[in-house]
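*Asks:* Residue strings, one per chain:
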Amino acid sequence: MVEETTVREPKILIFACRWCGLIGADGAGKKRMSLPANFRIIPVECAAFVETDAIIRALASGSDGVIVMGCHVGGCRFNDANHAAIKRLELFQVLLEATAIGKERLLISFGTAHEGHQFSDVIQNYTTVLRELPPIDPWISTLSVRR
Amino acid sequence: MREERSPMLEEVKRLAKTALQEQRVEGVLGLKKDVGNVIQPHIFERSDDLDALVLEPKWLFAKLAMKILRVSDTGYRLAVVCRGCDERAIVELVKRNQIAENSIMTIGIACGDAQAAACLCERPYPENIAAGEKKQGVDPFNDERVRQFLVGDTSERVARWLRVLRRCIKCYGCRNSCPICICEPCKLEDDTWVPKGVIPAEMMCFHLIRAFHLSDTCVACGACQDACPVGIPLLNLQLSMRRTLTEKFCYEAGIDRERKSPILRNFFDEEEKGRDIPDWVSSLE
Amino acid sequence: MRKKRGAISPTGSVHWSETMAVEFVRTICPYCGTGCGLILEVRDGIAVATHPDRDHPVAKGHLCIKGWTAHEFVHHTERLTAPLVKRGDGFEKISWNKAIALAVRKLGEVADMYGGSAIGGFSSAKCTNEENYLFQKLIRAGFGTNNVDHCARL
Numbered sequence: 001m002v003e004e005t006t007v008r009e010p011k012i013l014i015f016a017c018r019w020c021g022l023i024g025a026d027g028a029g030k031k032r033m034s035l036p037a038n039f040r041i042i043p044v045e046c047a048a049f050v051e052t053d054a055i056i057r058a059l060a061s062g063s064d065g066v067i068v069m070g071c072h073v074g075g076c077r078f079n080d081a082n083h084a085a086i087k088r089l090e091l092f093q094v095l096l097e098a099t100a101i102g103k104e105r106l107l108i109s110f111g112t113a114h115e116g117h118q119f120s121d122v123i124q125n126y127t128t129v130l131r132e133l134p135p136i137d138p139w140i141s142t143l144s145v146r147r
Numbered sequence: 001m002r003e004e005r006s007p008m009l010e011e012v013k014r015l016a017k018t019a020l021q022e023q024r025v026e027g028v029l030g031l032k033k034d035v036g037n038v039i040q041p042h043i044f045e046r047s048d049d050l051d052a053l054v055l056e057p058k059w060l061f062a063k064l065a066m067k068i069l070r071v072s073d074t075g076y077r078l079a080v081v082c083r084g085c086d087e088r089a090i091v092e093l094v095k096r097n098q099i100a101e102n103s104i105m106t107i108g109i110a111c112g113d114a115q116a117a118a119c120l121c122e123r124p125y126p127e128n129i130a131a132g133e134k135k136q137g138v139d140p141f142n143d144e145r146v147r148q149f150l151v152g153d154t155s156e157r158v159a160r161w162l163r164v165l166r167r168c169i170k171c172y173g174c175r176n177s178c179p180i181c182i183c184e185p186c187k188l189e190d191d192t193w194v195p196k197g198v199i200p201a202e203m204m205c206f207h208l209i210r211a212f213h214l215s216d217t218c219v220a221c222g223a224c225q226d227a228c229p230v231g232i233p234l235l236n237l238q239l240s241m242r243r244t245l246t247e248k249f250c251y252e253a254g255i256d257r258e259r260k261s262p263i264l265r266n267f268f269d270e271e272e273k274g275r276d277i278p279d280w281v282s283s284l285e
Numbered sequence: 001m002r003k004k005r006g007a008i009s010p011t012g013s014v015h016w017s018e019t020m021a022v023e024f025v026r027t028i029c030p031y032c033g034t035g036c037g038l039i040l041e042v043r044d045g046i047a048v049a050t051h052p053d054r055d056h057p058v059a060k061g062h063l064c065i066k067g068w069t070a071h072e073f074v075h076h077t078e079r080l081t082a083p084l085v086k087r088g089d090g091f092e093k094i095s096w097n098k099a100i101a102l103a104v105r106k107l108g109e110v111a112d113m114y115g116g117s118a119i120g121g122f123s124s125a126k127c128t129n130e131e132n133y134l135f136q137k138l139i140r141a142g143f144g145t146n147n148v149d150h151c152a153r154l
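Chain order of the listed sequences is A, B and C.
Numbering follows the numbering used here, in which position 81 of the first sequence is assigned residue number 81; successive positions increment by one, without gaps.
Numbering follows the numbering used here, in which position 223 of the second sequence is assigned residue number 223; successive positions increment by one, without gaps.
Numbering follows the numbering used here, in which position 81 of the third sequence is assigned residue number 81; successive positions increment by one, without gaps.
Derived by calculation from the structure, the hints in this document are not laboratory data.
Model, not experiment: these values are computed from the prediction.
All C-beta atoms, glycine included, are put in the ideal place defined by N, C-alpha and C.
Warning: the hint list may mix true and false statements.
[Unchecked claim] With beta-carbon atoms standing in for the labels, derived distance ranges:
id : chain 1 : residue 1 : chain 2 : residue 2 : range
1  : B       : Arg70     : C       : Asn147    : 16 to 24 Å
2  : C       : Val74     : B       : Arg96     : 43 to 51 Å
3  : B       : Ile169    : C       : Val74     : 22 to 30 Å
4  : B       : Gly152    : C       : Asn147    : 55 to 63 Å
5  : B       : Ile169    : C       : Glu131    : 37 to 45 Å
6  : A       : Asp137    : B       : Asp191    : 54 to 62 Å
7  : C       : Val25     : B       : Glu189    : 21 to 29 Å
8  : A       : Asp137    : B       : Gly152    : 41 to 49 Å
9  : B       : Arg70     : C       : Gly88     : 14 to 22 Å
10 : A       : Thr128    : C       : His76     : 24 to 32 Å
11 : C       : His76     : B       : Asp191    : 45 to 53 Å
12 : A       : Pro138    : C       : Pro57     : 34 to 42 Å
13 : C       : Glu72     : B       : Ile169    : 48 to 56 Å
14 : B       : Arg145    : C       : Ala99     : 57 to 65 Å
[Claimed, not checked] Some chain B residues well away from chain A (every beta-carbon gap over 10 Å; in silico):
id : residue
15 : Gly36
16 : Lys187
17 : Asp216
18 : Ile263
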């Protein structure tokens with residue numbers, strides 16, 4: 001069982017806000033940095049746009065981890081929307097920890113992914129963290145949810 | 001148990017009768033002991049009927065009161081015989097504009113020690129106590145039944161949670177009996193979020209979605225747990241979030257009529273109140 | 001709140017009655033053999049919601065999904081209101097007398113030709129106990145066969 005976890009690459013789903021988070025991903029591509037291939041990005045208008053139900057569905061569909069990337073707390077394009085986002089996501093981490101799914105499965109990364117190398121660092125560090133976690137498979141009870 | 005509560009019962013009856021006679025309300029919602037010793041909820045509209053009022057077993061009326069007020073004529077006022085958790089649920093519903101504040105009156109009763117221990121309740125009394133003594137609540141995190149799910153070794157907790165959640169028969173009893181679950185349409189019935197026809201209910205989708213939708217509104221009444229036919233300890237899903245809200249924002253659902261949930265506010269609004277800004281530095285890389 | 005309801009009698013006079021607009025009626029779930037107690041919320045004579053009966057010795061305030069929705073079929077718009085006979089691809093309304101006469105004739109023919117065991121009877125958990133008693137009496141004593149069942153067993 002332990003060997004399976006280290007061999008299989010963890011899959012990451014990223015909700016990146018269009019104004020900050022996505023720039024980093026773009027920048028990483030432009031600089032032709034070598035990035036791991038284990039993530040997918042969903043651009044959203046603002047980090048506050050991300051509802052926790054979507055994060056739950058991401059985890060239930062087989063993602064090992066979810067990252068929400070947004071602007072710096074003082075610098076949200078929509079003034080103070082990411083304050084509510086951060087409070088909500090932190091409370092959601094409490095729920096993930098309470099149900100033993102693990103608060104590490106959600107990474108809240110605000111204001112860090114502006115440059116390509118920052119983006120690449122975030123992904124690689126997070127992949128390392130996820131490799132240490134037990135697999136999420138027992139929580140997914142049906143194959144109908146896996147896409 | 002019944003003998004112990006007699007003075008409290010008489011006091012409640014007296015208050016309810018006075019409220020009806022003085023025409024401060026048109027009906028009193030409470031439990032009635034009918035012929036054959038059967039107990040059921042009833043809207044008392046005549047003060048003579050109130051002799052049949054009883055206070056046991058624990059029955060929550062917040063959602064019923066909301067539904068009754070929705071269908072009654074304008075100007076109909078209802079008095080509700082309620083416990084601490086019930087009153088908190090009514091406050092939350094008032095905050096969310098589901099019950100008009102001037103159409104409901106609470107006759108608050110405090111729960112005894114045995115009930116508080118059975119519910120692991122921190123606050124077994126309403127803010128406006130009309131009858132009964134205020135008893136000391138218990139801290140649920142001191143009880144082994146709660147700690148074994150929320151605190152400690154992760155792999156053991158995973159096994160425990162999976163074992164209980166696998167029993168779910170998707171009866172929607174938790175959602176139906178929760179006083180806060182009032183959305184129409186409910187997301188749990190939507191195939192996009194919770195796969196249809198899957199029993200036991202898809203664990204993460206059904207239970208986590210429901211748990212998080214209530215995160216800042218849950219009043220820890222235990223109605224979900226009481227209604228679950230397979231005995232899933234649903235209240236444990238909420239206790240950690242409630243504890244976080246109390247510690248970081250000094251917020252408890254159902255206590256302050258005027259204060260809206262901190263999750264809906266930005267940091268600046270709350271800063272004057274001296275609420276702690278969560279340590280968000282830890283969540284950045 | 002009490003509401004006045006009027007009904008017109010065959011002589012044309014109006015009969016007023018007062019009912020509570022919201023009443024709670026204790027009953028037993030009609031579906032499976034467990035027999036959980038439930039409380040129907042009745043508004044103006046229509047069952048609109050179900051609540052669990054916390055005082056019931058069997059259910060103790062628990063219900064399954066069928067129990068929680070036990071009120072739905074009572075006034076459902078899709079309930080049959082008249083006997084229907086299949087003609088071609090569709091159904092046609094006929095009178096009760098014709099329907100009973102047709103059933104008697106056709107079932108009798110089958111029973112005469114192939115014996116009573118060629119008939120099978122399917123009743124419903126949504127019928128009353130009395131109706132189910134009559135139905136099984138018809139199948140067992142009338143047709144002389146044991147082929148009787150109802151949806152709660154399936």
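*Asks:* Can you list which hints this structure breaks, lowest number first?
*Replies:* 1, 2, 5, 6, 8, 9, 10, 11, 13, 16, 17 and 18
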